[in-house]
Amino acid sequence: MWRYRIAGIEVATDIPLPGAQIPASVATVPEVTIRRGPVPQTLDGATSSGGDWMMRQDSFLWRVPHVARFLIRGGREIEFSVEDAADESDVVIYLLGSAFGILLHQRGYLVLHASAVEVRGKAVLFCGPSGAGKSTLAAALSNAGYAFLNDDVCHIRVDGGIEPKIAPDGRFLKLWGDALHQLTLEDRKGAAVGKSLDKFYVAPPDARRAEAVPLGAAYGLRAGSGAQPIAFEKLDAAQAVMLFRENAYRPLLVSQMKLERSYFTDSIAALRRANAFYLTRPIDYSAMAEMIRRLERHWAEIGL
Amino acid sequence: MLALSSTVSRGGDLLQAQVGEELVMMSIDAGAYFGLAEVGKRIWELIERPTTVADLCARLTDEYDVPREICETETLSFLRELQGHGIINVVAP
Numbered sequence: 001m002w003r004y005r006i007a008g009i010e011v012a013t014d015i016p017l018p019g020a021q022i023p024a025s026v027a028t029v030p031e032v033t034i035r036r037g038p039v040p041q042t043l044d045g046a047t048s049s050g051g052d053w054m055m056r057q058d059s060f061l062w063r064v065p066h067v068a069r070f071l072i073r074g075g076r077e078i079e080f081s082v083e084d085a086a087d088e089s090d091v092v093i094y095l096l097g098s099a100f101g102i103l104l105h106q107r108g109y110l111v112l113h114a115s116a117v118e119v120r121g122k123a124v125l126f127c128g129p130s131g132a133g134k135s136t137l138a139a140a141l142s143n144a145g146y147a148f149l150n151d152d153v154c155h156i157r158v159d160g161g162i163e164p165k166i167a168p169d170g171r172f173l174k175l176w177g178d179a180l181h182q183l184t185l186e187d188r189k190g191a192a193v194g195k196s197l198d199k200f201y202v203a204p205p206d207a208r209r210a211e212a213v214p215l216g217a218a219y220g221l222r223a224g225s226g227a228q229p230i231a232f233e234k235l236d237a238a239q240a241v242m243l244f245r246e247n248a249y250r251p252l253l254v255s256q257m258k259l260e261r262s263y264f265t266d267s268i269a270a271l272r273r274a275n276a277f278y279l280t281r282p283i284d285y286s287a288m289a290e291m292i293r294r295l296e297r298h299w300a301e302i303g304l
Numbered sequence: 001m002l003a004l005s006s007t008v009s010r011g012g013d014l015l016q017a018q019v020g021e022e023l024v025m026m027s028i029d030a031g032a033y034f035g036l037a038e039v040g041k042r043i044w045e046l047i048e049r050p051t052t053v054a055d056l057c058a059r060l061t062d063e064y065d066v067p068r069e070i071c072e073t074e075t076l077s078f079l080r081e082l083q084g085h086g087i088i089n090v091v092a093p
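Quick note, the sequences are listed as chains A and B, same order. Using our numbering, the first residue of the first sequence is number 1, and each one after it goes up by one. Using our numbering, the first residue of the second sequence is number 1, and each one after it goes up by one.
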């Protein structure tokens, strides 16, 4: 068995996960196990379903045609069955991405589609849909000395009464070839992400942070244009809660798994201690140095 | 038609929480979020139990030192907005 620490959770697997980091030490009992198994084609008595998934209570069946089927249970196990002659590296993408994200939803966490870095002991999050530039921004900030926390999936752990925390992903960044080149991270380039994408696992430039940190600020990324390319707009609490809800890792699952209430409560807990902002900026790598300067100025303004 | 003589009260299935001075509410049914501050928040507090709009305005006029007519116009406008979002119950006489 291989052991990893992913999103602050102790995981034991029976296939290696090249996108995940190996912890320095392991707890005796893993919190989550991932194993090969005979995953059925359908789930009997499913209470809801979509094109490629079915769900019944705390069992979730998800199929990626010609790659793998995943059975995710109780926020504690993932069983997978490889389809056809799919390459394991392709299976791993889906395992570490959506399958693990679904598991986090099952655990009732506030799971966001966001990247995060650490700024003076606090987590700064960037939310947005795929392609918004979350990972690239986190990589650039990480290059600039801010410890990397998360690439794509971020969960805010709210343990009753104690300050909400963000644990480091424990996963490598996944960056497109051209972003890697622009950010001059070729020397940190690892294995390719799957067989056919021009995307690579990248060891984060600065991943010294091992423990979870409290939330410092959250930014919803928006594409800018023309006149005022970089702008910050503070959100009121209702807008901020909506930002988190809209940027849930799988918004549909939040309603399907009846997690609306806990998402609301957890978001409120997080937003009592930190603010959220819209960040409008051009999607242009050459402006990254300026983007970082503006962020640093903003952090000084908001007391981070 | 919502009027001064209507009785209003909070609708059901709403989550709410205080963040600083703001009252944040979420309607699971409507899938919508609301942020209330200051007077809006006070109105929400006052309609926890059914009350007529007229009584509500009498209360607000006391608390906020605002002319009765202005209070009524703005309160009705605010309540109609909440009604439009489906988060209050309205019983016309």
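Rather than coming from a laboratory, the hints here were simulated on the basis of the structure. The beta carbon of each residue, even a glycine, is placed where N, CA and C say it ideally should be. Certain hints may be false.
[Unchecked claim] To give an idea of the chain A side of the interface with chain B (calculated C-beta under 8 Å), a few residues:
#1 Thr33
#2 Leu43
#3 Gly50
#4 Glu88
#5 Lys234
#6 Asp236
#7 Ala238
#8 Met242
#9 Phe264
#10 Ile268
#11 Leu271
#12 Arg272
[Said to hold, decoys possible] Here are some of the chain B residues that sit facing chain A, going by a computed Cβ distance under 7 Å:
#13 Leu14
#14 Ala17
#15 Glu22
#16 Val24
#17 Phe34
#18 Gly35
#19 Val39
#20 Leu60
#21 Tyr64
#22 Val66
Structure-based check of all given hints:
1. Because the beta carbon of Thr33/A sits about 34 Å from the nearest beta carbon in chain B, more than 8 Å, this interface hint is broken.
2. Interface hint status for Leu43/A: violated, as the beta-carbon distance to the closest one in chain B is roughly 26 Å, over 8 Å.
3. Checking Gly50/A against chain B by beta carbon gives a least distance of about 18 Å; that is not within 8 Å, so the hint is violated.
4. The interface hint given for Glu88/A is violated, since its Cβ lies 39 Å from the closest Cβ of chain B, which is over the 8 Å cut-off.
5. A hinted interface residue such as Lys234/A counts as satisfied when its beta carbon comes closer than 8 Å to some beta carbon of chain B; here the least separation is about 12 Å, so the hint is violated.
6. Taking 8 Å as the C-beta contact cut-off toward chain B, the hint placing Asp236/A at the interface holds, the least distance being around 5 Å.
7. Satisfaction of the interface hint for Ala238/A is found here, the shortest Cβ-Cβ separation to chain B being roughly 3 Å, below the 8 Å cut-off.
8. Interface restraint check for Met242/A: the shortest CB-CB distance to chain B comes to about 5 Å, inside 8 Å, so the restraint holds.
9. Contact between Phe264/A and chain B, as hinted, is supported at the beta carbon level, the nearest pair being about 5 Å apart and thus within 8 Å.
10. Interface restraint check: Ile268/A against chain B, minimum CB-CB distance 4 Å, threshold 8 Å, status holds.
11. A least Cβ separation of about 6 Å between Leu271/A and chain B falls short of the 8 Å threshold, and the interface hint therefore holds.
12. Because the beta carbon of Arg272/A sits about 6 Å from the nearest beta carbon in chain B, less than 8 Å, this interface hint is met.
13. Because the closest C-beta pair between Leu14/B and chain A is about 10 Å apart, greater than 7 Å, the hint is violated.
14. The restraint placing Ala17/B at the interface with chain A holds, with a minimum CB-CB distance near 4 Å, inside the 7 Å limit.
15. Taken as an interface hint, Glu22/B checks out: its beta carbon lies about 5 Å from the nearest beta carbon of chain A, inside 7 Å.
16. Given the 7 Å rule on beta carbons, the hint for Val24/B holds: about 5 Å separates it from the nearest Cβ of chain A.
17. About 6 Å separates the beta-carbon of Phe34/B from the nearest beta-carbon of chain A, less than 7 Å, and the hint is met.
18. For Gly35/B, the shortest C-beta to C-beta distance to chain A is roughly 3 Å, which falls under 7 Å, so the interface hint holds.
19. Hint status for Val39/B: violated, given a least beta-carbon distance of 16 Å to chain A, over 7 Å.
20. Below 7 Å, beta-carbon pairs count as interface contacts, and Leu60/B has none with chain A, the closest being about 22 Å; its hint is therefore violated.
21. Hint on Tyr64/B is violated. Least Cβ distance to chain A is approximately 21 Å, over the 7 Å limit.
22. Nearest Cβ of chain A to the Cβ of Val66/B: about 24 Å, over the 7 Å cut. The hint is violated.
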